[in-house]
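J.: Read top to bottom, the protein sequences are chains A and B.
Residue 0 is where the first sequence starts when you use numbering that gives the first Met the number 0, and the numbers rise one by one after that.
Residue 0 is where the second sequence starts when you use numbering that gives the first Met the number 0, and the numbers rise one by one after that.
Since the hints were made in silico from the structure, they are not lab data.
Below 20 Å or equal to it, Euclidean Cα-Cα: the simulated EDC-like pairs (lysine to aspartate or glutamate) are:
(1) A/LYS421 / B/GLU78
(2) A/LYS18 / B/GLU89
(3) A/LYS16 / B/GLU89
(4) A/LYS421 / B/GLU77
(5) A/LYS16 / B/ASP123
(6) A/LYS85 / A/GLU109
(7) A/LYS18 / B/ASP123
(8) A/LYS2 / B/ASP67
(9) B/LYS84 / A/GLU202
(10) A/LYS85 / A/GLU57
(11) A/LYS217 / B/ASP53
(12) A/LYS18 / B/GLU127
Every beta carbon over 10 Å from chain B, so not counted as near; a handful from chain A, in silico:
(13) LEU37
(14) ILE74
(15) GLN127
(16) GLN333
(17) ALA387
For every residue, glycine included, the Cβ atom is placed at its ideal position computed from N, Cα and C.
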Amino acid sequence: MNKILLIIQREYLSRVKKKSFLVMTFLVPALIIGMYGLIAFLTVKGGDKKAQVKVIDESGIFAGNFKNNSSVNYITTKESLDAAKKEATESGEGFVLYIPANIESDGKIELFSTKKAGLSAVSNMEKQINDLLRNKQLKDAGIDPATLKEIDPDVNIDSIELSEEGEKDSSAGAAYAIGFAAAILIYISLFIYGAQVMRGVIEEKTSRIVEVVISSVKPFQLMMGKIIGVGLVGLTQFILWIVLSTTLTGAAGKLLLKDKIDQVKTEVSVNEAGKTIEQVNAEGPAAKILNAIQTLNLPYILGCFLVFFLGGYLIYSALFAAIGAAVDNETETQQFMFPITMPLLFTYIMSFSFIVNNPDSTLSFWLSIIPFTSPIAMMVRLPFGVPAWEVALSMVLLIAGFLFTTWLAARIYRVGILMYGKKVSFKELAKWLTYKE
Amino acid sequence: MLSIKNIVKQYAQHRALDGVSLEVEKGSIFGLLGPNGAGKTSLIRIINQITAPDQGEVYFNGEKLNPDHISKIGYLPEERGLYKKMTIGEQALYLAQLKGLSRSEAIKRIKYWFEKMDMQTWWDKKVEDLSKGMQQKVQFVATVLHEPELIILDEPFSGFDPVNAEIVTQEILELNRKGTTIIFSTHRMESVEQLCDSIALINRSHKILDGKVKDIKNSYRDNTFHLNYSGAFPAEKAGLFSIVKPADSENVTVKIAAGKTPNDLLSYLLPSIQILELKEQVPSINDIFIQKVTQLS
Chain A
0 MNKILLIIQR EYLSRVKKKS FLVMTFLVPA LIIGMYGLIA FLTVKGGDKK
50 AQVKVIDESG IFAGNFKNNS SVNYITTKES LDAAKKEATE SGEGFVLYIP
100 ANIESDGKIE LFSTKKAGLS AVSNMEKQIN DLLRNKQLKD AGIDPATLKE
150 IDPDVNIDSI ELSEEGEKDS SAGAAYAIGF AAAILIYISL FIYGAQVMRG
200 VIEEKTSRIV EVVISSVKPF QLMMGKIIGV GLVGLTQFIL WIVLSTTLTG
250 AAGKLLLKDK IDQVKTEVSV NEAGKTIEQV NAEGPAAKIL NAIQTLNLPY
300 ILGCFLVFFL GGYLIYSALF AAIGAAVDNE TETQQFMFPI TMPLLFTYIM
350 SFSFIVNNPD STLSFWLSII PFTSPIAMMV RLPFGVPAWE VALSMVLLIA
400 GFLFTTWLAA RIYRVGILMY GKKVSFKELA KWLTYKE
Chain B
0 MLSIKNIVKQ YAQHRALDGV SLEVEKGSIF GLLGPNGAGK TSLIRIINQI
50 TAPDQGEVYF NGEKLNPDHI SKIGYLPEER GLYKKMTIGE QALYLAQLKG
100 LSRSEAIKRI KYWFEKMDMQ TWWDKKVEDL SKGMQQKVQF VATVLHEPEL
150 IILDEPFSGF DPVNAEIVTQ EILELNRKGT TIIFSTHRME SVEQLCDSIA
200 LINRSHKILD GKVKDIKNSY RDNTFHLNYS GAFPAEKAGL FSIVKPADSE
250 NVTVKIAAGK TPNDLLSYLL PSIQILELKE QVPSINDIFI QKVTQLS
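So that you can see chain B by itself, here it is in the shape it has in the complex (with noise of 0.2 Å):
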C-alpha cells in the first residue's frame, strides 16, 4: 500500500528525518508512534505532498507518490481547525470539492455522514457555536468524505470525551473492514494496542523499531511471570528460575532461565505451595515505547 524508502528531510539546521523506510500493509491499521519531535508530523506531511523530502521515495500503490494520489488520502492533521464564519455545511462541502468530489455527490455524502454521527442539525451552525468536541467530528467527517483509501489520522481523539472517542473509534474500525488502510500517529498506547496491526517507533529522526504489534510484544516477552500462591515460596534455583520482584506473602514475579518452560517451574513449586494463578507478563507496548526511547538517550 504505502512503502517509504530511506527519506530524509533536512530543514536549515535539523534533520527532521535520517533514513527512515516503512512498510504499511493494504487494510492495515498502523500506529506511527513517538516522542513529541521525532519526526511523525513531518512523515506524514511527505506522505501529503505538503512538503517534499531531500532525499528517498515514497510509493503509493507501487506507484511512485504524485499529486493524483492527493485524492485517495484522508488527512486529519493534529494542527486543525476549521473557517469560524463559514457554517458548517458550507465547509464541509469546500473540503469534499478541494478534495475532487463534485458538489451534488459532496452533499450527498455529508448528508449521509451527518445523519451516521448524529449532526444533522448542524448545517447552518457557525464554527463558533460548536464545542471543541463537536468541531473535531465534523474535522472527522471531513476528512473521510471522500472514501480514501488511506487516511492518516494525527492524534484524532484528542479533545474527545470518552463517549465521542468511543463513536470515533468505531468509525474508524468500520472503515477498516471495509478496506481502508489507516495510519494512526498518536500518544495514546492503550488505543495503539486496542486498534493497531503494526507500528513504527520514531526517534529523534530515526526509526528505532517497527513490525507487528503481536511479534513486537513477542520478542520482547522475557520468560517473567507473575504468581499468585498460598504456602512458603521456596529459595530462587540457579538454572530454573530468578525472583524478580521480592516476594509478599502471597504474590511473586520471577523470571524463568533461558531454555527451562513454565511446566519445569511448576513442577518444581507444586510440592512446597499451592499455586493459585499463574501469568505471563507480557510487556505493553508503552512499556517498549518507554524502554526504547530513554534507553537511547
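Pulled out of the complex, with its shape left as it was, chain A reads as follows (with noise of 0.2 Å):
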C-alpha cells in the first residue's frame, strides 16, 4: 500500500511540475476572463458609437416618432435626400434612411449608408417602421391604438418544474448550456488524461525502466498508482480553473462592468414607461439564464459532474493504460484507440442531437446508465431533472464498469509491458487474459 502510494506521488508531482501544466492551469482561466472581458469591453463600447440615421421623412407619418435605443440615434431632418446622401458620403459615416411620401401604396423605404448597416439596426428600423405604420394604419381605420394594445396578449410560456421542493422556475435555456458544458468537459478531460496515461505506459515500456519498477512491486500497482496519480492531476487542474476563473471573474466583473450595469439599471428605470420591446429583449435572455442557472441545484449537480468525470476517467484510463501496454510506441495505438473513441464519440454525437432534445426517452435512459456512454449522457440530461433511482443505478454500473474494465485491462498489462518488438492483434490480447500470473 505504501508502494502505491510512493507511485501516485511521483507520477502526480512529475506532472504538475511541468511547465505544461502550470501554463495551462493559468491560461484558461485567463482565457474565459479575457472573453468576459472582451464582451464586457465591446457593450460599454458599443453604447459609445452609436449609428446616427438622418430620417427624411417625405410621407410625414414617422416624423419625430423614431425612438433611439442603445445602438441607434433618430435625426429626423428637412434637408433634401441629395443633400444628406452628399453629406453622409463626404464624412464616410452616418446613415440616410429616406421615407418617400407613397410608402402606404406602394414606395420603398431606402437606407443610404458609406458603410453596410448592422443587422440589428436595419432590424430595429423595420420594426419601428412597420409598428408606426400600423399604428397610423389602425388609426385611419378607427381603431385606437391604446386599445389594441390592452387587448394585445403578451405570451411567454413560462416553464415549471414540479417537484417535491414545490415549483421550480427552470429554464430549458439554462439546462442546456450546463449540461453541455459538463458533457464536453468529461468528453475532453477522458481523452486529454486517458492519453496521459496511455503515454505514461508506453514511456515505461520505451525506456525499460518497467522491468526494473515491477521487481519491486506488482504490475498491477504500478497501473493504478499511474491512473490514480495522474486522475489527481486532472483534479487539481479542475479545482485551480474553477476557483481562479471564478475568483477573477468575480473581481474583473465588478471592476469592469460595475458602471455598465448601474447605467443599464438607471436607462431601465428611466425609460420604464416608454421602453421599446427591442430593449427587454437585449436585457431578457442573460438575465434569465442567469436566474434560471440560479435555480438549478449547482452543487447537486457539480457533485454529480465529480462522480462521472471520476467514474468515466477511471474505466477509460484503465483501457488506455492497457493499450499503452500492449503496444511498442504512440503510432502503434491507432487500431486499439478505436473501439475505445467509438462509445464515446458516439454519446457525444447523440448528446447533442438527441439526447438534449429528448432527455427522458427510452435512447436517452439507456445511454445514461450504460457505464461506458453514462458520464456523457448523464450529464446532459441531469440539468432537466432526472430521478434519483436512476442516477443511483447509472452510478452503480459506473462502479461495476471501473471494476471489470481495471480487471481487464490489469491481466493485459501485467503480460504487455514485459512483450516487446511483437505485433500485437486483438486475437493476441484474447488471449492474454487466460494466460496465468
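Bring the two chains, given one by one in their own frames, into a single complex with the hints.
T.: Here it is as C-alpha cells:
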C-alpha cells in the first residue's frame, strides 16, 4: 500500500511540476476572463458609438416618432435626399433613411450609407417603421392603438418544473448550457487524461524502466498508481480552474461591469414607461439564464459531475493503460484506440443531436445507464431533472464498469509491459486474458 | 540460499522452462548461462516474482518465495532504463523507496554510493544528459542501494567501457566478499571464468549442466597436453598416447591414453627429444558451452 502511494506521488508530482501544467492552469482561466472582458468591453464601447440615422420623411407619418435605442440615434431632418447623401458620402459615416411620400401604397424605404448597416440596426428600423405604420393604419381604420395594446395578449411560456420541493422556475436554455458544458468537459478530459496515462505507460515501456519497477511492485500497483496519479492531476487542474476563474471573473466583473450595470439599471428605470420592446429583449435572455442557473441545484450537479468524471476517467484510463502496455510506440495505438473512441464519440454526437431534445426517451435512459456512455449522457440529462434511482443505478453500474475494465486492463497490462518487438492483434490480447500470472 | 525445484513455465505455445532445478549457495557467485531464448530471463523473472511458475517451487533461505523477499533481492534486468525527465537523484531515491527504504536512509546511501562511484555531481542531472555507460552506473547503484542479500545481474557489462566494466567488477567482488550472493546471467564467458564459483547452463528450456566451475572444467579434461620441444618427435605409441594435432617442428598436442600419466609420457619421450614445455589443455567454459549447446542441437 505504501508503495502505491509512492507511485501516485511520483506520477502526480512529475506532471504537476511540468511547465505545461502551469501554463494550462493559468491560460484557461485567463482565456475565460479575457472573453468576459472582451464582451464587457464591447458592450461598453458599443454604447458610445451609436449609429446616427438621418430620417428624411416625405410621407410625414413618422417624423419625430422614431425612438432612439442603445445602438441607433434617429435625427429627423428636412434636408433634401441628395444633400443628405452627399454629406454622408463626404463624412464617410452616418446613415440616411429615406421614406418616400407614397410609402402607404407601394413606396420603397431606402437606407443609404457608406458602410454596410448592422443587422440589428436595420431590424430595429424595420420594426419601428412597421409598428408606426400599423398604428397609423389602425387609427385610420378607426381603432385606437391604446385599446389594441390593452387587448394584445402577451404570451410568454414560463416552464415551471414540478418537484417535491414545490414549484421551481426552470429554463430549458440554462439546462442546455450546463449540460453541454459538463458533457464537453468530461468528453475532452477523458481523452486528455486517458491519453496521458497511455503515454506514461508507453514511456515506461520504451525507456525500459518498467522491469526494474515491477521487480519491486506488482504490475497492478504500478498501473493503478499511474491511473490515480494522473486522475489527481486532472482534479487539481479542474479545481484550480474553477477557483481561479470564479475569483478572477468575479473581481474583474465587478471592476469592468460595475458602471455598465448601474447605467443599465438607471436606463431601465428611466425608460420604464416608454421602453421599447427591443430593450426588453436585449436585456432579457442573459438575465433570464442567470436567474435560471440560480434555480438549478448547482452543488448537486457539480457533485454528479465529479462522480461521473472520475468514474468515466477510471473506466477509460484503465483501457488506455492496457493499450499503452500492448504496443511498443504511440503510432501503433491507432487500431486499439478505435473501439475506445467509438462509444465516446457516439455518445457525444447523440448528446447534442438527440438526448438534449429527448432527455426522457428510452434511448437517452439507456445511454445514461450504460457505464461506457453514462458519464457524458447523464451529464446532459441531469439538468433537465433525472429521478434519483436512475442516477444511483447509473453510478452503481459506473463503479461495476470500472472494476470490470480495471480487471481486464490489468491482465493485458502485466503481459504487455514485458513484451517487446511484437505486433499485437486483438486475438493475441484475448489470449493474454487467460494467462496465468 | 536459493533452491529452485522443478520449475515449469508455459507460455501459449512455448515452454520456456521445463523442469529446471538449481541450487545457489550462500555467498557464491553463480553464473546462469545459455544461448539467447534458452529461458534464462524467464527463470530470473520467476525468482523476482515478476511472473509465477506453472509448476515447481522456489525457496529463498529455506522459505517459500513470498513478497517479503522482494526487498532482499536486487535485480538489474537486461532490458533496463530510467525515466527520461527525472533527475538522477530523484530516480535513485524513487527506486530505493520502492524497495522499502525510508527516504532519509535512501538519501544517505545514495550519497555514499555516488561518492564511491565518482558520481557526486550527477544528482541534479537528467538522464538525457548522461551517456549510456553513465546510465548503467546509475542503474547498478539503484540495484544495490537497499543492500540485498541476493543480487541478480542480467548482462551487467553491456554498454560499459573497459574502465567502468572493471570498476563494476570490483564492486561486485567487494559485495560478494561482504556476503552477498550474486547471480550472473551473461554471454561473456571470460567474465564467467573470472568471477563465478558455480554455473548452470540452460539450453532450450532445460538445464543441461551445472556445478562448480572447477569441477566442471575437471570433468571436461580429457588428458590432452601441449608440448613444446626440439628434436625429432617420435611416432604415436598405442596404449600410451596419440597425436591430436599434427606437429610442426616445435609444437604438438597429444592425448594420453587412459590409465597413463604425463610422467609415463615424459619418460618415454625424454630419450629422443628436448622438452621445453608441457601444459595440460583444460577446456575453457566457452569451449564447454559451445560443445554442450551444439552437441544437443
